[in-house]
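> Listed below, chain by chain, are the residues.
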Amino acid sequence: MNQKLNNPVLMKELKLRFRFFKSITGIMFYLGAMCIFVVGFLMITTQFTGSGYFRPNQSYYLFIMLSVLQMALVMFITPGLTAGAISSEREKQTLNMLLMTTQSSWQIILGKLMSSIAFLGLLLVAGLPIYSIVFLFGGVSPVQLITIFFFYFITMLAIGSIGIFFSTYTKRTITSVIATYGSMVFLGGFTAFFFYVGIIVDQTIMMGAGALSPLTYFWASINPGALVLSILSGDIAGELYDLAGIEVPLWIPYLIFYLAITVIALWLSVRKLRVNMKRG
Amino acid sequence: MIDIQGLTKKYGSFTALDHLDLKIEEGVVFGFVGANGAGKSTTFSILSTLLAPTSGNAYVNGISVIENPVAVRRQLGYMPDFFGVYDQLKADEYLDFYAASYGLSAAERATIIPELLELVNLTDKRYSYVDLLSRGMKQRLCLARALIHDPKVLILDEPASGLDPRARTEMRDILKHLKSMGKTILISSHILPELAEMCDELGVLDNGKLIAQGNVAAIQAQLQADKELIVKVLGDLHKAVAFFEEDPYITSIEAFPEKETITFLYRGTKEQQIQMLKQALLADILIYSVNEEEKDLEDIFMSITKGAGES
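Going down the list, the protein sequences come from chains A and B. Numbering-wise, the first sequence is residues 1 to 280 according to the working numbering. Numbering-wise, the second sequence is residues 1 to 311 according to the working numbering.
Hints should not be assumed to be uniformly reliable.
To give an idea of the chain A side of the interface with chain B (calculated C-beta under 10 Å), a few residues [as the list claims (entries may be wrong)]:
#, residue
1, Leu16
2, Leu95
3, Val125
4, Arg274
Don't read these hints as lab results, they were simulated from the structure. Note that beta-carbon positions come from the ideal geometry of N, C-alpha and C, so glycine has one too.
Could you build all of it, start to finish, from the sequences and the hints given here?
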């Protein structure tokens, strides 16, 4: 096979990741958590409310909550899988031997990223039967499901790239993990906080009559939770567009921002991975 | 095969390698001798394209490590002094991964891996997890890895460090075999007698500078400026000491009356030494024996590295 198409790092990582029971245990815990959430939701809506039946419109709320939960899990798990990709090789003293091979830096970095994405992809696919419960009750279109999964993939790619970036630039895995989770806190929490503060500030200045500033809209557009809600709830999306006076759907700046992060983080990682022999 | 020209590496104000010039011909086994921090590993890292030099250049088979590091990697097999292995791979999978990383096809890999495992005496460990191999076996597996793409040059940084005598002997036998295959090999080691036995040439590094180069005898001649002479004298030892103290080529004179012996360091030529001994006899100093203390490589290493910082 052509060396450019073949990726030994990816093959090796997949072999190591799926060889032992640890990964299977991880998937089982993940599915277990999802099951507990779904069963809990069904019980709350049927048993504890006293109605004894499940209304079809509630399946849509279940789908929204599952999607937000899944996005949160993606943001929580991805750093753990990628933040040690390069730094752990350095710590195990295997990096130099890897760098001595004729594989390109892109191959090494992409192999590391793709193996982590593959594991996360398996997690998401394994969770599909649990997702399918919402189809049992109706109210969700397959296009929405595909769209959500597409954005999971984009988010995984970006977060994975951030993890690889820190892993390449820091010497120790623990530093890289902290830095990557810090980035997740910023993307998931701080952007939501800034959005909330932006709404208050904008409405105070405009006495509740004016539009949101583009900056406030920007904070919403890069928040994964806000993206999921805007895709699944037309009401939320419409309200946001009305408030901001911006007609661009939220997913467009989200897609551009996260793809830009992916490209920049990977490019910087590739540049840093091997020493530039011309620059002593 | 290897041509190092004015290679310098500085870390801030510290100079790890200071204008190193060195040529190693094809098929030669070259040993690097030096204390910790002398610059051996720095040289190896630059040759292996893992470290950029501050100035100078190095060529492997005519290819510059600065201009074309990818092509240099195809020519080189490198075994670092400290290395890790992927513990959860089996021995053949470990080699297969590196073979694929060097672009070898599946068919080529299927042929070369059993051959290499046989070369390093690990055929029976082919399907064992690397984690379960002893240190010596891991060392040999790492050597097989370095050979996976059939490189012309092998760089082995302390290949025998931490090995027991049996494992060291096995490693030495493998290296002899590789030498017979015509590989150009660069080795650094602290086990100097073994290095002297295995290597065609040696280079002595001290504080980033090459202070001697050649075969063992030449190195000894270059570094052993002062020879130690042991003179046995009958009669008045004090008179003899007083006589030898006058000689401008003698330093560090010591007398041992109970053994009728005087030892001193002499830096004159053979002719000057003959003259000195003639004069001594004419001065009624009853010399009945003169011996020159032979210094081995270990002694020379100890003397030149005296005071070198441990790192």
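> A separate judgement is required for each hint: does it hold in the structure or not?
Hints, one by one, checked against the model:
1. The closest approach between the C-beta of leucine 16 of chain A and any C-beta of chain B is roughly 5 Å, which is under the 10 Å cut-off, so the hint is satisfied.
2. Interface restraint check: leucine 95 of chain A against chain B, minimum CB-CB distance 9 Å, threshold 10 Å, status holds.
3. Because the beta carbon of valine 125 of chain A sits about 24 Å from the nearest beta carbon in chain B, more than 10 Å, this interface hint is broken.
4. Because the beta carbon of arginine 274 of chain A sits about 8 Å from the nearest beta carbon in chain B, less than 10 Å, this interface hint is met.
The structure fails to meet hint 3 from the earlier list, while all remaining hints are met.
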